[in-house]
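Chemist: Starting from the structure of chain A, add chain B where the hints point.
2 protein chains.
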Amino acid sequence: MNEEQLHAMRHSLAHITAAAVKRLWPEAKFGVGPVVENGFYYDIDLGDNKISEQQFGKIEKTMHRIIAEAQDFERSTKPIDQAIAWAKENNQPYKEELLNDLKRSGTTVAKDLDADELGTITEGDAAINEVSFYTNGDFTDLCRGPHVATTKEVGAFKLLKIAGAYWRGNEKNAQMQRLYGVAFATQEELDTYIENLEQAKLRDHRKIGKELGLYTSSPLVGAGLPLFTPHGTVLRDIMTQYSNQLRQRHGFEKVWTPHITKKELYEASGHWAKFGDELFLVTSQETSDEFALKPMNCPHHTQIFASKPRSYRDMPVRFLETTTDYRDEKTGELGGLNRVRSLTQDDSHVFARPDQIEQEINNLLAAASELYSSIDMKLRVRLSYRDGSDAYLGEIDLWNTAQEQLKNAVIANKLDFYEEDGEAAFYGPKIDFMATDAIGREHQVATVQLDFVQPARFGLEYTDTEGNAQTPVMIHCALLGSVERFLSVFIEHTAGWFPFWVAPEQVRILTINDTVADYVKEIEAVLTDVVLMKPVKYNEIRFTRDDRNESLGKKIREATTLKIPVQLIVGSQDKEAQQVSVRTQAGEEKIALDQLSTYLQDL
Amino acid sequence: MNEEQLHAMRHSLAHITAAAVKRLWPEAKFGVGPVVENGFYYDIDLGDNKISEQQFGKIEKTMHRIIAEAQDFERSTKPIDQAIAWAKENNQPYKEELLNDLKRSGTTVAKDLDADELGTITEGDAAINEVSFYTNGDFTDLCRGPHVATTKEVGAFKLLKIAGAYWRGNEKNAQMQRLYGVAFATQEELDTYIENLEQAKLRDHRKIGKELGLYTSSPLVGAGLPLFTPHGTVLRDIMTQYSNQLRQRHGFEKVWTPHITKKELYEASGHWAKFGDELFLVTSQETSDEFALKPMNCPHHTQIFASKPRSYRDMPVRFLETTTDYRDEKTGELGGLNRVRSLTQDDSHVFARPDQIEQEINNLLAAASELYSSIDMKLRVRLSYRDGSDAYLGEIDLWNTAQEQLKNAVIANKLDFYEEDGEAAFYGPKIDFMATDAIGREHQVATVQLDFVQPARFGLEYTDTEGNAQTPVMIHCALLGSVERFLSVFIEHTAGWFPFWVAPEQVRILTINDTVADYVKEIEAVLTDVVLMKPVKYNEIRFTRDDRNESLGKKIREATTLKIPVQLIVGSQDKEAQQVSVRTQAGEEKIALDQLSTYLQDL
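Each protein sequence line maps, in turn, to chains A and B.
Quick note on my numbering: the first sequence kicks off at 1 and runs consecutively.
Quick note on my numbering: the second sequence kicks off at 1001 and runs consecutively.
One chain only, chain A, in its complex shape:
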C-alpha cells in the first residue's frame, strides 16, 4: 500500500470515527479530523459529556458495524452559502465557523488548520465558489478528500487515547475532546505497532533511569541539568571511552578546552550572528568581560590548530574532546536525557588537505559502523549535498570532489545510504547517521560534516610542498552525538539490559548461606583480574557481593530488578566443586572457577 492509499484509509477512518460518535451521541459537534503519523484523530464537542477510555470498545464496535455495512464514500459539492446553511441546519457550529472563514479568505483558514481537512475548492487565487462534502451512510462531512471507495477498505485500526484540545489550538476557544486512533494496512502491522507502543512505555528511559538509579535531578540545580550517579557515570564513561578509542586508533589526539569563552570567538566563527540569542551569557562580576557558555567546540579547536605552524607533512591534524556544551533550551522542552541544557559531545575535528577527505571520512565511517553494530543497532546514512542554489559558501570544485569522496567512503563501508540534494549545511556537505532501535524506531545519532568556511574565517593555514599557504578543510564528527541523548536512546533500545561490557554492575555474587565466605573471596580475586579488551580496552569487571542473611530468591529478585547481566550463585556444593552457578538472561549454567575468566571475556 502506498503513502497516498494509507493516507486516504486513515482519513476515511476519521470519518467513520465521527459517524460512530454521532450514532452514539447524536448531539455531537465536530471540529476537524486530520491524518497524523500512524493514524488520525477527530476533535469532538459533546458538551459536558466526556468520553472515557472505557467507552472505546463501544465506539470501536459501532465503527466495525459501519465498516461491515460497506458504505460508499460519495463526494458532492455545494456553493459556499449553501454549505454554511447546511452546517447551521445540522447544528455544526465549528464547521460553520470554518466555512465562514473560508468564505472570507481561503488562506487564513489554511494557516491554522491542515488544509486537507477543509472542503475547499480553491481555484487559483480566486474567491471560494464551492466546497466539497463526503457522505458515507447517514454521515456527511465537509471534506476535500480523497477517501477510499467504501468503509470496508480501511485496514486495521484501534482507538488509542482521548485528550483535551482547544478548538483551533487557541486556549481562549472551547475545549473539545481529541479522539486518537492508529491505523495500518494489515492487522499484523497494527499489532506490531501496538506492541512497540507498549514496549516503548516499558522502555521509557526516564522510568528505567529511575529504576536502575542512573541519574537524578534537583530543583536546586535546575531543569535539563541531570546529575549522574555512579551507575549512570559508568555508562557515560564506557561509551565515551569506546568512542574515543575507536578514533584514537585512527590518529585522533585528545585536547582540552574551557567551557566559557569571550563572545569574540563566536563572532569570528560566525555563530554569534546566527545563534547568539540561543546561548547562555556569562558575566564577570570582577571585570567587564563578557563570556558565553560554549554551545560547540569547533572554534576552540581552531585556536589549538592555529597555535603552531603546520606543514603539509603534519596533515591531517586530528583533535578529539569529550566535553560539555550548553544550550539554552526552553524549560518546557526539557525532560529526561533526550533534551538537556548540558549536553556532552564526543566531539572531534580533522584539519585536512582536500585530497585527504575520503580517507578521513572512511576512518570515521568505519568507527561509527563498529560502534553501532556492537550495540546491535542498524545504521542508515543520509548523504546531504548542495543543490543548484547560491545558498552555499566555498569553491564549487571543492564541493563536487568532496561530495564524491563522501559517497565513495559510504560505499566502501557498505553502508545503507540515500542521497538528498539541498540538505547540506551552507558550509559543506554532510553525512547523518540514523540508528534503528530494538522496537524499530529510527534515531538520528552520529554526524560527519565537512566545513569549507570556518578554516578561512579563522585564517587557518598549512604550507604545501611548494611552501605556499593553503587553507585546510575541517571535518566535524561526533560518533555518539550528545552523550545524554545517546544514553536516552541506548536505555530504551536495551530496556536497561545493557550489553555485558557496558553494564554498570556487571556481576553480582549471591551467596546461598554463610559457609562460603572464603570461597567468595576466591571468586572475587578471579573477578578482580578480569579485564575486558573488547569492544572497549582495559575494561575492568564491576562486581558486587550480596552476602546478606536473606533468601536466595530475594537476592535473585533484587539483582534481576537491577538488570545485572551476570549473577553468580554460590553455595557449599559449588565451593566443593570449585564452580559457580552463572545466571544470565539466557538461563543458568555451572562454570568451573578456573573457566570463569574466559567465560566472562567471551560474553
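Some hints here could point you the wrong way.
List of simulated lysine-lysine pairs, BS3-like, C-alpha gap at most 25 Å [stated by the list, open to error]:
{"id": "1", "chain 1": "B", "residue 1": "K1534", "chain 2": "A", "residue 2": "K534"}
{"id": "2", "chain 1": "A", "residue 1": "K262", "chain 2": "B", "residue 2": "K1263"}
{"id": "3", "chain 1": "B", "residue 1": "K1537", "chain 2": "A", "residue 2": "K210"}
{"id": "4", "chain 1": "B", "residue 1": "K1308", "chain 2": "A", "residue 2": "K210"}
{"id": "5", "chain 1": "B", "residue 1": "K1263", "chain 2": "A", "residue 2": "K330"}
{"id": "6", "chain 1": "A", "residue 1": "K254", "chain 2": "B", "residue 2": "K1201"}
{"id": "7", "chain 1": "A", "residue 1": "K563", "chain 2": "B", "residue 2": "K1254"}
{"id": "8", "chain 1": "B", "residue 1": "K1254", "chain 2": "A", "residue 2": "K308"}
{"id": "9", "chain 1": "A", "residue 1": "K254", "chain 2": "B", "residue 2": "K1254"}
{"id": "10", "chain 1": "B", "residue 1": "K1201", "chain 2": "A", "residue 2": "K308"}
{"id": "11", "chain 1": "A", "residue 1": "K537", "chain 2": "B", "residue 2": "K1537"}
{"id": "12", "chain 1": "B", "residue 1": "K1534", "chain 2": "A", "residue 2": "K254"}
Away from chain B, derived, C-beta distances all over 12 Å, residues of chain A [unchecked claim]:
{"id": "13", "residue": "Y266"}
{"id": "14", "residue": "K407"}
{"id": "15", "residue": "F458"}
{"id": "16", "residue": "A525"}
{"id": "17", "residue": "K537"}
Part of the chain A face toward chain B, derived, beta carbon under 8 Å [unchecked claim]:
{"id": "18", "residue": "F228"}
{"id": "19", "residue": "I260"}
{"id": "20", "residue": "A268"}
{"id": "21", "residue": "T283"}
{"id": "22", "residue": "D289"}
{"id": "23", "residue": "K308"}
{"id": "24", "residue": "S311"}
Just so you know, these hints were derived from the structure itself, not from any lab.
Beta carbons: idealized from backbone N, C-alpha and C, even for Gly.
Modeler: For chain B alone, coordinates are given in the frame of chain A:
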C-alpha cells in the same frame, strides 16, 4: 639565626643600601626601605638619573666598604617638630611628608606603609611625641628599628633588581626607583637562593609550556582560560587518571555533574552569602532562569547522595569527579597555569559515619603520599584545628574526636606534620599538604577537609542500626587540587623532563638512514604492545618516529629539545643485531629488541 635577627639584618642592609646610594648620589631622596621575603628594598628618587643593573657592582662595592667600616647603628630620638625640621634641612621631602602625616595621625600613615619603616613611638593611642632615628656613619634615617649592632653583622647579600614604583603605591604620585636586594645569614644560603632563582627562571612553566607546546591561549577565548594541546592534555589525563585510580582502589566511584546550577543550590549551601560576588553569573535568554558557574562541586554531590535512601550499611558513600570549576579571578592576576579562571579539580567527597572518619582519612593520606612520592616531591602536612573561640559550627565532641582521628591518621601514615590551632575552617578541621619541589620551594597542593555543616544544611541523612535518621560527616579531598595549578608546579619541579610514565611523548625512534624501514615497523609493533601498569594502570606507550632524511645529530637535538625521555636510535647494525640504541638522560646503551618491553616497563 632566628627570624627576628634575620629581619634586623635585612633591614640594616636597607639602610646600608641607602647610605651607599647617598655616597654615590648625594642628591638622593629616600622613600621607605622595608624588609620583604628573602631580602629588602629601598625606594629612591634620583630625579632624571636612573640606576641601571650595570651600576649594581658600584653600589655593592660601596656597601661592602660601609660594611668593612663596621659602623655602629646608633639610635636617637627627636621631638616630632624637630624631626620635620631635620627632614627639611636634609632635603628629604618624602620623609618630611611621612613625618607630617605622622604628626596628624599615626594610624593613617600605618595604613599604606609597613609600620616598621617609620620612626614612630606611639604611646598607646596618645598623640605622637617623639620619633626615633638610626645613624650609621654619616647616614641617618628615620626608623623604628631594631637593627644589628654594627654594619659588619649583615650576612651575605646581593642587589637583585631595580623597578619603578609610585610613591606610596599611588600612580598620581612621583615615580621612584625601587632597588631590591636579597640577603641571608650565610654566603652558602645566598648562593643556593641565587642559583634557585636562576633555576626558577629556566623552569618557569610558561617558558617550558611554550617550548614543549603544552598549552596555548587565545585572545578570542580570553585570559585565564588556557587551551590544552594534545601533549598538555596527556599530562592532564595521566595525572587525573592516577589520582582517580588511587582513590577508586579505596571504593570511590565516579559521578558527573553539570558546570552550571541555579543559584538556589549555593544559597542552600551557604556559599552564595559568602562568595556570591566571586562567581560568574549565567543568564538564560530563553527563560528567566539565573545560574552560576560552579566554583566547587560539593553541593552538587550532596544532591546525588540525597537521591536515594542510605542506611548505615551503605556508608561511607564515596564520590569522585574530575570536573572544571570557574572562579572570577581578576584579569591582572592571571598568568600561565598557576592562576586561571577555569580550574579543573580532581575532587572527591566521602559521606561517612563519625566512626569512619579515621579510616577514610587514612585512605586519602595513603593516596596522597603515594602520588607525591612517585613524582619525587616530599610532603609535609599541616593539621588545622579549631581554637577556643566561638567561630566554629558543629558539636564540640565531634570536633574533638575528629581532630584526634586526623592526627592518628597522619601519624599512621608517617607524615611529617605540624599542628595549628585556629586555622580550621568554620565547618571543620583540615589537613593541608605542602609539597617541596626540586629547587626547594614549597607549594600547597592537596587538602583533606572535614565538614560538619553542609550535610545538615542539605538535610542529608542515613538510618542507623536502630532505624533512626543520622547526619553524615562530609570529607572533601582533592589530591592534585587544581589540575592546572598542579601542572604549573609539576612542570617547574621537573623542568619539563617528566617521569617516563607521564611524558606526553615517551619514545621517539630516530633512524640513522632509510635502510631500516622494516626494522622500525618491528620496533613499533613491540612498542604498541607495551602497556605500563605502574604507577598508572593501562598506560599505553606514546611513541613517534623520526625517519626524515635528516642527520642523526639534528634528530637527536630536536628530540632532546622536546625533552623526550627515551630516544631509540636505529641503524643497519642495530637491525642486524636485533637491538636498539637507547638514549636517555642517563646516557646511551644497547638493548636487545626482545628486552625492550621489559626495559621500558622498568623505567
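Chemist: Decide, hint by hint, whether the structure agrees.
Modeler: Going through the hints against the structure:
For the hint linking B:K1534 to A:K534, the alpha-carbon distance of about 22 Å falls within 25 Å, and the restraint holds. As the CA atoms of A:K262 and B:K1263 are separated by approximately 22 Å, the hinted pair is consistent with the 25 Å bound. A C-alpha spacing of about 33 Å is found between B:K1537 and A:K210, which places the hinted pair above 25 Å, so the restraint is violated. For the proposed pair B:K1308 and A:K210, the alpha carbon gap of about 10 Å is at most 25 Å, so the pair holds.
Restraint check for B:K1263 and A:K330: the C-alpha separation of about 18 Å stays at or below 25 Å, so the hint holds. Proximity of A:K254 to B:K1201 is assessed by CA-CA distance (about 30 Å); at most 25 Å being required, the pair is judged violated. Only pairs whose Cα atoms come within 25 Å are accepted, and A:K563 paired with B:K1254 is accepted, the gap being roughly 20 Å. Of the supplied pair hints, the one linking B:K1254 and A:K308 is violated, its CA atoms being roughly 35 Å apart against a limit of 25 Å.
Pair hint A:K254 plus B:K1254 holds up; C-alpha atoms about 20 Å apart against a cutoff of 25 Å. A threshold of 25 Å between alpha carbons decides the hint, and for B:K1201 with A:K308 the separation of about 24 Å falls inside it, so the pair holds. A threshold of 25 Å between alpha carbons decides the hint, and for A:K537 with B:K1537 the separation of about 12 Å falls inside it, so the pair holds. Restraint check for B:K1534 and A:K254: the C-alpha separation of about 22 Å stays at or below 25 Å, so the hint holds.
With a least beta-carbon separation of about 9 Å from chain B, A:Y266 fails to lie farther than 12 Å from that chain, contradicting its non-interface assignment. Look at A:K407: its CB is around 31 Å from the nearest CB on chain B, clear of 12 Å, so calling it non-interface holds up. Not every CB of chain B lies more than 12 Å from the CB of A:F458, the least distance being 9 Å, so the non-interface label is violated. Non-interface call for A:A525 relative to chain B: holds, since the shortest CB-CB distance, roughly 15 Å, exceeds 12 Å.
With a minimum CB-CB distance of about 7 Å to chain B, A:K537 fails to clear the 12 Å threshold, and the non-interface call is violated. With a least beta-carbon distance of about 4 Å to chain B, the hint placing A:F228 at the interface is held under the 8 Å criterion. The interface hint given for A:I260 is met, as the beta carbon of that residue sits about 7 Å from the closest beta carbon of chain B, less than 8 Å. For A:A268, the interface hint holds, since its Cβ comes within 8 Å of a Cβ in chain B; the closest pair sits about 6 Å apart.
The criterion of a C-beta within 8 Å of any C-beta in chain B is met by A:T283, whose closest approach is roughly 5 Å, and the hint holds. Using the Cβ-Cβ criterion of 8 Å, the hint placing A:D289 at the interface with chain B is satisfied: the shortest such distance is roughly 6 Å. Taking 8 Å as the C-beta contact cut-off toward chain B, the hint placing A:K308 at the interface holds, the least distance being around 6 Å. For A:S311, the shortest C-beta to C-beta distance to chain B is roughly 12 Å, which exceeds 8 Å, and the interface hint is violated.
Figure legend: structure checked against the earlier numbered hints; hints not met, in rising order: 3, 6, 8, 13, 15, 17, 24.
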